[in-house]
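Number of protein chains: 2
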Amino acid sequence: MNRKEFRDLASPEAAHEAIDSLSIEGGVERVPLENARDRVLVARLDAELDVPGFDRASLDGYALRAADTFGADEADPARLEVVGEVHAGENPAVELEGGQAVEISTGAVMPSGADAMVPVERTERDGADVVVRTAVAPGDNVMFAGADVAAGERALGPGTRITPRDIGLLSALGIDEVPVRKRPRVGIVSTGDELVRPSEDLESDRGEIYDVNSYTIAAGVEDAGGEPVLYPHAGDEQDEMERLLRQAADECDLVLSSGSTSASAVDVIYRVIEAQGELLLHGVRIKPGKPMLVGQLDGSAYVGLPGYPVSAMMVFRTFVAPAIRDAAGVPEPETATIDGTMAVRERYAEGRHRLLPVGLVEDADGESLVYPVDKGSGATTSLAEADGVVEVDPETDYLEAGESVTVTLFSPSVRPPTLLGVGEDDPTLNRLLDGLENPRYLAVGSRPGLRRLRNGVPDVAVVAGPTERSVEATALGGWEREWGLIVRPGNPDEIEGLADLVDRELRFVNRTTDSGLRSSLEAVLADLAADREVDRADLRASIDGFDLGLRAHESPPRKVIAGDADAALGLRDTATRLDLEFVPIGTQSVRVLANPDRTDKPGVRDLERALEGS
Amino acid sequence: MNRKEFRDLASPEAAHEAIDSLSIEGGVERVPLENARDRVLVARLDAELDVPGFDRASLDGYALRAADTFGADEADPARLEVVGEVHAGENPAVELEGGQAVEISTGAVMPSGADAMVPVERTERDGADVVVRTAVAPGDNVMFAGADVAAGERALGPGTRITPRDIGLLSALGIDEVPVRKRPRVGIVSTGDELVRPSEDLESDRGEIYDVNSYTIAAGVEDAGGEPVLYPHAGDEQDEMERLLRQAADECDLVLSSGSTSASAVDVIYRVIEAQGELLLHGVRIKPGKPMLVGQLDGSAYVGLPGYPVSAMMVFRTFVAPAIRDAAGVPEPETATIDGTMAVRERYAEGRHRLLPVGLVEDADGESLVYPVDKGSGATTSLAEADGVVEVDPETDYLEAGESVTVTLFSPSVRPPTLLGVGEDDPTLNRLLDGLENPRYLAVGSRPGLRRLRNGVPDVAVVAGPTERSVEATALGGWEREWGLIVRPGNPDEIEGLADLVDRELRFVNRTTDSGLRSSLEAVLADLAADREVDRADLRASIDGFDLGLRAHESPPRKVIAGDADAALGLRDTATRLDLEFVPIGTQSVRVLANPDRTDKPGVRDLERALEGS
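Top to bottom, those sequences are chains A and B. Mapping to our numbering: the first sequence position 382 is 515, numbers consecutive. Mapping to our numbering: the second sequence position 22 is 155, numbers consecutive.
With the rest of the complex left out, here is chain A (with noise of 0.2 Å):
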């Protein structure tokens, strides 16, 4: 087995300034108003006519001489006789003189003769002649010509990213088309065997798994203003990827790969760079994101990510963003980046950078706390429970808890949980999820979740059956929930209970010792034992798959429907849900216990609400 060997690493800043020495601009598009909104100027724009064009009134009422208006207040209006009317959207037909004046609408062009014009509240219609009860000025309440915009000026400079108001003004220019940068296309090629696009089906006796990183980093790219490409799948097939690779660069003014760990594919991207482009640095120090690549390939700029999904993400946030973001000429949002304080002890000593998938959460005092989420590189599930990534220097052995982080958000649209929950996996506690605005509940298991719930980092625990409970907290509520066999509909092995498991040649699939679900069940089983005088390890022994114990609540009833097993730990509403047969064994409570710090917490109170009305 031959691997490529990654011995002379670049530093992360060797790695930043490489992708920032490779153009990725994509170039000048111009693109009709309406699809200016957010793009990016790419030269000045100037006046190109008077705004407005013409004399124009400000209000409705009557164009007149200003001299004619002298001296006339309440007391002793002026006279003048109405001429004609003139609306906005008409060339006045009427010339005006002294002792005369004209109807006006707001917006109209004012008559040639007049240089003034009196708003309709303080005039008085009479017959043919209109009675203007105040004195106007040359000037007052004409708009003149040029007077908002000048023709010549200065409207917008290159750099300007084009908001509404701007449109405003291109708008007010008669300006239907700017000249904008074009967004960096930027080409997804991922390599791999066993990927599959989403909308295949999967075959996973083969291995296969579906493609994470294609259309993540594909959102990646559109989050920092670049245009995604995605191309077919490569397969590991030495050709077809350089064909691939190839026609990427043809196309894109940036190529991503990424997919596959396999050491032949990393081989050909190597030797397809080093024949077609040069390779600038090839490894980096730093964790995860070791095998990083960069180069050019037949001109284009080229960035290898790591295979796996949540290294692929980091990598891509704290390197490729930026250069992306500067060639689109969008700066990053200052909401892309949250401060806080780390929420436990992490530990370090590997003498690299690091980039540490994190999640965030809420103190009582609306602080961000940020936990490491970490459930192995190969986790796709991290990527949902991460908010985003901090970096840490190879001369940090510790982040201590309480110490200040800044947390690169993943994107700027992430918002963090308005509550963190941990523990049992329930689908009444799913429904009542349903109800609260953007929560994050990791179904760690009941155990696991008093721990952490002790460590201080959740709001909330949810936690089923028997327990030590020895954490301090505060009970929100809680429900009871029937548990006891899951088996094929019909139940054609004539299943009654734990017995029968003991007794006969059944395989049956547990839950893993974090479920509140197995301390259930082993409390009955050692009912059993105590009633048989029997051990009870000799009972555990007797039933095929005691030991097999799945992470989630409907993990064990799917073997029955596959047909791998004939009896699952369950739940009644499982049964159900998955139209098998129940076998109750037991009642268990559900209790939904707070960070007594957190009971205030909006998030918590919602919980608590939809607890009560449940």
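Quick caveat, the hints were computed from the structure, so don't treat them as lab data. One or more hints might be untrue.
You can't tell identical chains apart in this list, so a pair holds if it fits in one copy or across any two.
DMTMM-like, lysine to aspartate or glutamate: derived pairs with alpha carbons at most 20 Å apart [to be verified]:
{"id": "1", "residue 1": "Lys423", "residue 2": "Glu254"}
{"id": "2", "residue 1": "Lys315", "residue 2": "Glu570"}
{"id": "3", "residue 1": "Lys420", "residue 2": "Glu524"}
{"id": "4", "residue 1": "Lys420", "residue 2": "Glu146"}
{"id": "5", "residue 1": "Lys423", "residue 2": "Asp153"}
{"id": "6", "residue 1": "Lys315", "residue 2": "Glu146"}
{"id": "7", "residue 1": "Lys420", "residue 2": "Glu254"}
{"id": "8", "residue 1": "Lys315", "residue 2": "Glu384"}
{"id": "9", "residue 1": "Lys423", "residue 2": "Glu230"}
{"id": "10", "residue 1": "Lys315", "residue 2": "Glu254"}
{"id": "11", "residue 1": "Lys315", "residue 2": "Glu230"}
{"id": "12", "residue 1": "Lys315", "residue 2": "Glu181"}
{"id": "13", "residue 1": "Lys420", "residue 2": "Glu745"}
Since chain A is already given, all that's left is putting chain B on it; use the hints.
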């Protein structure tokens, strides 16, 4: 002239309530995953499969039975027979027995019979055998089926705004289409005979102006998460207006009308709404925005916005955008508001809720100073000069300088300028500004520029020609500019200087008294008066058009091009740019003066560097 009177004005709160009472939700649609970014889920998505779907090797190495490695270490390695290999994406062809190992790639399916794997770094290949230098426990380096996400687990809840990381999770679950909230469709009907779309030609004689509100409000609708639909101009023709309003109501969730300020248009809208729907309120106790309408039309929501662009934008931003955001499920980002302090005192005494358009400038400490922008409600330039709106309640008579206010930005993408400059309109300056990032320059003229600098709001003032220097300021640099008369190509009137304007029948166009050019012209005129021993006022009076002052540097020569004048006051640069002839009179210096407190502000330093380089 009949005007619809607004007697029973509603409170701003009642206006918010009326709009909130309208249903503008767009319903549900299914979108493919690649278009799901930033959309809002309407239902919970549970995992329908295990991720991974099989027991998966976490590293490159050898799959084996953990029991075969018990006790193995560097000194006493275990030796196993290699019976095959499995790559990612392959169905393992081998079944493994005791004493055997299978070469396995990261991500590949664990062969049956194996319960752990050893990473390649801890092994050495020796012919058909592998030497294993470490002991592993069952499950080591294996990710079990469902360990990442288990079938039946809650993946994403309703209301989730989909960001790249969520797309990653959905990809992993093979979900390629998601149910999301439809973007509310917002129809925009602009009325008014005088309005012309920016792509069309303008007839200024008829009082036509470009339609500013349609595209501005459309961009605001997109900003708020809605989908704008522009309808053709209705003009003021009643049947056509009614037809368009009803078509928009039929096709959209919300109809906005704006544009016409004519009383007849308002009357038609009233009539249509009252006949086909319900008018909830007409007129709100706010300024501007009094004639706002809220109602229902053929089952769709309807809001009538004021006609003036700044008023329309402020009323949209304050009352309508929040309702669209609610319906779209896209909350306002935190960056949509900025806290600042008033730079100057602003006085009211109107007893009405006020929407105040304001601009932002950072002071020396990076704090946001807020200054009112008011060029008259008809001005579209206030849109480009204002960053947002401050709401002032009717009880407030003053906003004091230094008072804290909250600015709602016109768009979350609005970035306050890095430099605020005021003063003379000059083409050299315009080029210098092109090199700066996001500057704002208000070409108000030299004298008003100095006056504003004295008030402490802008960072710099740009001053040309002779001025009284009573302002404490730091000189950043400057340049000379050549000024004189701009005449037709070839100078057909053989104009040689100012004396020709005095002595001959020539039509002249001047600049306003705010301009530095005008000051220099007055000085030369004074010299001429002294030479001739006549009164300066007499010389002025003998120049036809001397009192017609235009505001911007290109406006007078454009009158020459249009044939309305024979000579215009202007710069050599301007004459060259417009292909006109230049008759020099003198040179004047342009000076850039900085607020002494702001000389260290990055934008000011950037300008100083640009001046040094020019």
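Going down the list of hints, with the structure as the test:
Taking the shortest Cα distances, Lys423 and Glu254 sit within 20 Å of each other only across copies (16 Å), while inside one copy they are farther apart (76 Å). In this assembly of identical chains, the alpha carbons of Lys315 and Glu570 lie at most 20 Å apart only when taken from different copies (19 Å versus 37 Å within one copy). For the identical chains of this complex, Lys420 and Glu524 are intra-copy neighbours only, at 10 Å inside a copy versus 49 Å across copies, given an alpha-carbon limit of 20 Å. Within a single copy, Lys420 and Glu146 get their C-alpha atoms as close as 14 Å, which meets the 20 Å cut-off; across copies the closest is 54 Å, which misses it.
Taking the shortest alpha-carbon separations for Lys423 and Asp153, only the intra-copy value of 19 Å comes in at or below 20 Å, while the best inter-copy value is 52 Å. In this homomeric assembly, Lys315 and Glu146 never come within 20 Å of each other (Cα to Cα): the closest approach is 28 Å inside a single copy and 43 Å across copies. Taking identical chains as interchangeable, the C-alpha atoms of Lys420 and Glu254 lie at most 20 Å apart only when they sit on different chains, with a minimum of 18 Å there against 74 Å within one chain. For the homomeric pair Lys315 and Glu384, the shortest alpha-carbon distance inside one copy (14 Å) is at most 20 Å, but the shortest distance between copies (33 Å) is not.
In the homo-oligomer, the alpha carbons of Lys423 and Glu230 never lie at most 20 Å apart, since the shortest distance is 85 Å inside one protomer and 35 Å across protomers. Taking the closest pair of Cα atoms, Lys315 and Glu254 never come within 20 Å of each other, the shortest separation being 52 Å inside a single copy and 46 Å across copies. Neither within a single protomer nor between protomers do Lys315 and Glu230 lie at most 20 Å apart by alpha-carbon distance, with minima of 56 Å and 59 Å respectively. In the homo-oligomer, the alpha carbons of Lys315 and Glu181 never lie at most 20 Å apart, since the shortest distance is 25 Å inside one protomer and 40 Å across protomers.
Neither within a single protomer nor between protomers do Lys420 and Glu745 lie at most 20 Å apart by alpha-carbon distance, with minima of 46 Å and 45 Å respectively.
Violated hints for the displayed structure, listed by number in ascending order: 6, 9, 10, 11, 12 and 13.
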